[in-house]
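J.: Chains as they are written, first to last, in our numbering: chain A, 1 to 463; chain B, 1 to 463.
No lab work stands behind these hints, which were simulated from the structure alone. Heads up, some of the hints might be wrong.
Derived PhoX-like pairs (lysine-lysine); straight-line CA-CA distance at most 25 Å [unchecked claim]: (1) B/K90 x A/K235; (2) A/K231 x B/K41; (3) B/K333 x B/K90; (4) B/K393 x A/K30; (5) B/K393 x A/K393; (6) B/K314 x B/K78; (7) A/K267 x A/K456; (8) A/K78 x A/K90; (9) B/K90 x B/K38; (10) A/K41 x B/K231; (11) A/K38 x B/K235; (12) A/K38 x B/K345; (13) B/K456 x B/K345; (14) B/K456 x A/K38; (15) A/K428 x A/K52; (16) B/K428 x B/K52; (17) A/K267 x A/K78; (18) B/K333 x A/K393; (19) B/K38 x A/K237; (20) A/K231 x B/K393.
Per the computed footprint, the stretches of chain A lying under chain B, defined by three or more beta-carbons under 8 Å from a beta-carbon of chain B, are [unchecked claim]: (21) 135 to 149; (22) 357 to 363; (23) 388 to 395; (24) 438 to 450.
Glycine residues also receive a C-beta, built at the ideal position from the N, C-alpha and C atoms.
Protein chains: 2
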Amino acid sequence: MMKKILTSIFIAFHGLVLIAQSDDDALFIKQLHSYALKEGKAYQWLDTLCLKAPGRIAGSKSSSIAEQYMLEVLQSLKPDTVFLEPCETKSWMRGSIEIVETIDQHGNRHELHTCALGNSIGTEGEMISGECVEVLSLDQVDSLGNSLKDKIVFFNRPMDPSLVNTFHAYGSAVDQRVWGASRAAKYGAKAVIVRSMTNKIDTVPHTGTLVYIDSLPKIPAMAISTLDAEKLSEKLKNENITINLASSAQPGAASVNYNVIAEWRGKQFPEEIILFGGHIDAWDMGAGAHDDGAGCIHAVDAINILLAQNYLPKRTLRVVLFANEENGLAGGKTYAENSNKRNEKHLAAIESDTGGFVPRELSFDSETSLLIDYMRYVNQWLPLFETYDLNFKQAGSGADINPLKSQGSLLIGLRVDPQKYFDFHHTKNDQIYNVNQRELELGAATMASIIYLLDKYGLETKN
Amino acid sequence: MMKKILTSIFIAFHGLVLIAQSDDDALFIKQLHSYALKEGKAYQWLDTLCLKAPGRIAGSKSSSIAEQYMLEVLQSLKPDTVFLEPCETKSWMRGSIEIVETIDQHGNRHELHTCALGNSIGTEGEMISGECVEVLSLDQVDSLGNSLKDKIVFFNRPMDPSLVNTFHAYGSAVDQRVWGASRAAKYGAKAVIVRSMTNKIDTVPHTGTLVYIDSLPKIPAMAISTLDAEKLSEKLKNENITINLASSAQPGAASVNYNVIAEWRGKQFPEEIILFGGHIDAWDMGAGAHDDGAGCIHAVDAINILLAQNYLPKRTLRVVLFANEENGLAGGKTYAENSNKRNEKHLAAIESDTGGFVPRELSFDSETSLLIDYMRYVNQWLPLFETYDLNFKQAGSGADINPLKSQGSLLIGLRVDPQKYFDFHHTKNDQIYNVNQRELELGAATMASIIYLLDKYGLETKN
């Protein structure tokens, strides 16, 4: 009710010609939600994807199985076009050896819960040994400088639990994982260990990508669980600790993966593309149920739900399941490059990559010059989402669709409740049994609803 | 941002003198959230409550342990007053025998997952046997009338999965559980079995209260799991099925339970009481983690969080943990009666009884003549909750505080995300490991925030 008043006010104040949403729209969106909750296939598809192709990191056998499976699922929905778009990726393998152990001054050894960070080099059959130095930031590494020579640097700044949005907490801590190895290598450190990226205090290590700076030596990097990080930090207050570290991780060969793409051509404005998707790859340790099987399935079930209502798209609806988000973004980059070569115009692109939890908001992003008008325009639709307690926000969208910003597209992120995401993110526990069926289905319904509005009304903010 | 504009509009339109929320308020509410997430004790208290006093249904030994434990917790927070308020309850025990089995026309027997409904009588050592008749509503029982004599009536109308708010789906199906036995008894049925109240299709039976109408014979009533209900319904399409049913359930003796009450006297307006709480009892099969340990702990941690900021209440803050909500509402009724006798005035009462999931909204209720003004008044606070994605809604509050409506109090429900509640509600699976720590803590922070605003500004809507 309040939001409806507000919409009228925006219309009145800004003199835009807006198409007010009708009762028909409310009814249709309700129908999409009902269908998703009663007859949607999201959970079943996600279950099969996780079963057939867990740990589908770029270059792995599992990544090919995932591409084939999702291709079959999309084909079953009878698109006008369906194809695989190749992109060059690099494989990476952790192998079977992952050891981090502490040795105190009495020679007591204690093994920590650990895993290699994605892209890390290993120790080539050796055990690396060095004195542990705890730091809380990249800057602190710079302050310590050459005193870090031959040391093993322990990055231990926690995600800030007081931040309600856990993605903000992640964003403010993850620089240690991404850049820690090269920063420490700059001063001659032998290796780094990094506190896992989660608010939970437990024994589960979290992997995730690291980036080596080309001009610096590559050193091994491993995550340790938050509980181990807390205990190690305690020990370091009283004594020197030596770290032994071994890892069989190694970069693999160059590889080819595929963006999986299916398209339903628009009857009225076929040249206006509405893209929606997630990324098909997932870290090797879990099944990629939340990250980002859920996002892929949101998109696939969204089109399924729409088609099941005999909906005839005016514009071109295109599902894109991006390759290699976790480990290089080759899928998103390649897709945008090829799209630009084809002189395509994406009206809008929607990505779901925050898990399969209950949907909370749609985030909107675009080129700065366009965004205000876009926000004014889409805000007229907000009352339609009130029943579903969904908010609209001006914020980033998704890593894979971000390169489309240069087309002037409206970029949209489907954001789900963030409280539990980092309990599972990049761990062995990212499994289907940690996804709730109704929550997943509601995400698909949300995506279907915004696709429907974009397709029906377009984005003619300048009329 | 939008909500802020809206607030100004309400102020302008309605000419009310409203106290606009200040940046100080935003800061203090942020502080409450930070503290809850970093140092709150909610999870630890709930864990201990569930461990010490699972299945704390009225009249049970566990219910007394729960009262004592929560009393100690409240005492540790140094209230000005803390006491136990007696109320007359009735105990009920399911005992060890719970059998529902189907027998098909070939004599094949199949045992279903079952539990007695709360308050149901048992079969006194006998096995009851009768032909199964499936119905979808109480009305259908009336249509079938005397043909139900000696039958076992099977209520099988599912909760509607297409309703986004699962509480609405529960509300539209639970009449079968509450009134089914007496309705069927009216026409001579021997017993009833009722499809469990959940959207999940699984093998977990859900208990919950039934009410016998005094003028009708009492017959046994048992819940069966949704999966069993689906399968039984399939069988009944093709053949007659006999049900065998046995239960050792029996009403126990009259008993005494206690509302657990602690109070921090207001320095400025001690006669204006702000109550907040949940219900301390829980069905016997689980640990009552979500229902309603979470609600009790929300209230206790809310006062803890406030006190930890050295907050000095202007008004009287009173935690009330109500006895016997599940099985007769004696706690809520007794509390309101005694409060009325003492000529107390509750400015507001807040109840949390929808679980320990992530907070989504505050619902507001009061006497019809007062509610519009109350809503206008509290809506000025809505912008303060925008960061936390919390909505305000005009809707019912909670069963225990509802009797305070006659005092003209503002009644408030803390409503959390409803998607998973009925996965656990009234089952053996209502356990601490199904509660997420951060989600629980956010609920406590939400409650603390609204208490703070009510305490600081009061509710002088008529100024």
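J.: When you check the alpha-carbon spacing of B/K456 and B/K345, does it fall within 25 Å?
T.: 17 Å, holds
J.: Is A/K41 close enough to B/K231, meaning Cα to Cα at most 25 Å?
T.: 21 Å, holds
J.: Take the C-alpha atoms of A/K231 and B/K41, compute the straight-line distance between them, and say whether it is at most 25 Å.
T.: Roughly 21 Å separates the two Cα atoms, so the pair holds.
J.: Under the criterion that the straight-line Cα-Cα distance not exceed 25 Å, is the pair B/K456, A/K38 satisfied?
T.: 46 Å, violated
J.: So is the stretch 357 to 363 of chain A in contact with chain B by the C-beta rule, three or more residues under 8 Å, or is the coverage claim wrong?
T.: Contact hint for the stretch 357 to 363 of chain A vs chain B: holds, 3 residues under 8 Å.
J.: Hey, A/K78 versus A/K90, does the alpha-carbon distance stay inside 25 Å?
T.: Between A/K78 and A/K90 the Cα gap is close to 32 Å, so the pair fails against 25 Å, i.e. violated.
J.: Verify this for me: three or more residues of the stretch 438 to 450 of chain A with a beta carbon less than 8 Å from a beta carbon of chain B.
T.: Check passed, 3 qualifying residues.
J.: With a cut-off of 8 Å between beta carbons, are at least three residues of the stretch 388 to 395 of chain A near chain B?
T.: holds (count 3)
J.: Check, residue by residue, whether the stretch 135 to 149 of chain A contains three or more positions whose beta-carbon lies closer than 8 Å to a beta-carbon of chain B, and give the verdict.
T.: violated (count 0)
J.: Run the distance test for B/K333 versus A/K393: straight-line Cα separation, threshold 25 Å.
T.: 44 Å, violated
J.: Can the restraint linking A/K38 and B/K345 be considered satisfied, given a maximum Cα separation of 25 Å?
T.: 47 Å, violated
J.: Take a quick look at whether B/K428 and B/K52 sit within 25 Å of each other, Cα to Cα.
T.: 16 Å, holds
In this structure, the earlier hints numbered 1, 8, 9, 12, 14, 18, 20 and 21 are contradicted, and the remaining ones agree with it.
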